[in-house]
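**Student:** So you can see what is in the structure, the chains are spelled out below.
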Amino acid sequence: MNFKNHDIISIYDFSKEDILYILKTAKKMEKRSNPSLLKNNIMATLFFEPSTRTRLSFIAAMEQLGGKVTGFANSKITSIKKGETLWDTAKMVEQYADLIVIRHHLEGSARLAAEASSKPVINGGDGSNQHPTQTLLDLYTIQKSKDTLNNLHVGILGDLKYGRTVHSLAIALSHFNPIFYFISPDALKMPRNYITELREKGIRIYETPNLLSVSKKLDILYVTRIQQERFPDPLEYEKYKGVYRLDSSLTKYVKKDLKIMHPLPRIDEIDKSLDNTPHALYFEQAANGIPVRKALISLVLGKIR
Amino acid sequence: MSKSKSINKELSVAAIKEGTVIDHIPADASFKVAAILKLRKDPNMVSIATNLNSKSLGKKGIVKVSNKNLTEEEVNKIAVVAPNATVNIIKDYKVKEKIKVNLQKVIENVIRCSNPVCITNHESISTIFNVEKENPLQVRCHYCERVMGKEDIKLIG
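Those sequence lines, one after another, are chains A and B. Numbered according to numbering that gives the first Met the number 0, the first sequence terminates at residue 304, and the numbering increases by one at each position without gaps. Numbered according to numbering that gives the first Met the number 0, the second sequence terminates at residue 156, and the numbering increases by one at each position without gaps.
In short, the hints are calculated from the structure, not lab data. Don't take every hint at face value.
In silico DSS-like cross-links for lysine-lysine, where the CA-CA straight-line distance does not exceed 27 Å [said to hold, decoys possible]: (1) Lys149(B) <-> Lys188(A); (2) Lys104(B) <-> Lys15(A); (3) Lys132(B) <-> Lys15(A); (4) Lys37(B) <-> Lys160(A); (5) Lys160(A) <-> Lys216(A); (6) Lys149(B) <-> Lys37(B).
So the derived list for chain B, only partly shown, Cβ under 10 Å to chain A, looks like this [claimed, not checked]: (7) Asn108; (8) Cys112; (9) Asn114; (10) Cys117; (11) Ile118; (12) Ser123; (13) Asn134; (14) Gln137; (15) Cys140; (16) Cys143; (17) Val146.
Label-pair restraints from in silico Cβ distances [what the hints assert, rightly or not]: (18) Val130(B) <-> Lys271(A): 28 to 34 Å; (19) Glu235(A) <-> Asn66(B): 52 to 58 Å; (20) Asn150(A) <-> Glu71(B): 47 to 53 Å.
Small disclaimer: the values here were computed from a predicted structure and weren't measured. Using N, Cα and C, we set each Cβ at its ideal position, and we do this for glycine too.
Bound conformation, chain B alone:
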């Protein structure tokens, strides 16, 4: 089966006419992606799928949002939990554009600092983390300078 046919088949599970499909999310990260994109409060139709069969990942997740084209900035925020995700912008049931997720050097207001005495956990300010290593992910809090690995990373919201 060709790659494009495989995508069509997956998309046809609940194909959307217009909007964004985020594919190749690690199986345990679909809800995290939805949380980062604040989809819980989104008025559009949102589908969150997890533990789908995937050739490359074994199991994977997919998130679909109708009538909404995610911006590159929004897309890049999900790199913290889904570094290999692909984002398909859909127009009239067809993939109009594919965006590869890109981990930014500075991550703003996505991660909560795990240090209970960090100022960001006591004043209402945006968190800022600098990415020190990508694989495995290691970030440093701009404020308290605490270094956090993937296992310590908790999301805001």
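Chain A with its partners taken away, still in its complex shape:
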């Protein structure tokens, strides 16, 4: 499989085989250090929107492989402030770097940047649309903890309407015959087009606002934050913030080997009392960003196969 010069824009662009190949490569990256694999390569990080984990783990991944990083994390100090188009920004940056990582609040921005740039572009999140590297590290985390991706009972909880990670995760997992439990308030249910798409693939889906009604069945519980920044109406946000608060009392109602994941940052949806239980997988999940991003960078730069 050859990913050289491929863009990483949307989970829809990946077949099951592509996904498994990337995860296999990530495992290799985690086992072996390669401090000079990307020597003389430069990665540009164009972060138009705030990010902690994604940006830092991309930078750490690049630097651990001997590469260099340029870019910005605040578009207010760039020519974008002067009205430069994204197209022009991408055209310019491709002259300076071998690889571009972009996060932007407008949906489809990464696809456009990839069309403008002859260098590979990795989407670090485009609005509520896609965040493929998060999805791949989520899959990597699941595979690592469960030794398989197949036939799992996966609960996804929180804001299923606006949360891009849950949309991409559901689509990506649909290659592996999961049974889904979508747990959310009515107003934040998984959009109907995703439900239709998943059901057309023969996936079993249960929807409920009540976690405890399904908790005993779950192998994985993926918790998301109710994201204030995605709500068009702040009053609407006030209604739903804090609607789910998981704490150590949950452990009585779940399987012994249930793993709880969260893309982080969390607000109050997972209490610290769960952190030291064997169920907590979210910090390991964040750490898995490094091998997965190392694998993606090295693959699109054609440094490994």
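Starting from the structure of chain A, add chain B where the hints point.
**Tutor:** Leaving out everything else, chain B in the frame of chain A:
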């Protein structure tokens, strides 16, 4: 009455000598067809008719453009709003060629994305939609990946 006579009768409403007649447009879509083909700015004689009686559709629309033979590419663009339209190329008052409208798999620069935070609504680039289902029409934005049904589809222009 034979089919050819019926066409002649309709065409005779305002027969054109040379050009294109688009028939069997849904009654509410004549102006949309004109918009897709950018006929508002066309220097040729253009007739836009709507709510004409039709045996097959009940009511229908017709658009006629004199002195202009629409290309297949242009014709296919109108499939988004008039999937069953027939396009007659007219020469010397006679139908020289009939083209059936064909919905393409990829629709370029016809539809506006209904997602206000889609990049296509913020940078001057062509929209691209991939057709996922034909009946009822369902398209997906190539950029923001938003899926739109027939009721969400708004045209550019």
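**Student:** Of the hints given before, which are not true for this structure?
**Tutor:** Of the numbered hints given earlier, those the structure breaks are 4, 7, 13 and 18, listed in rising order.
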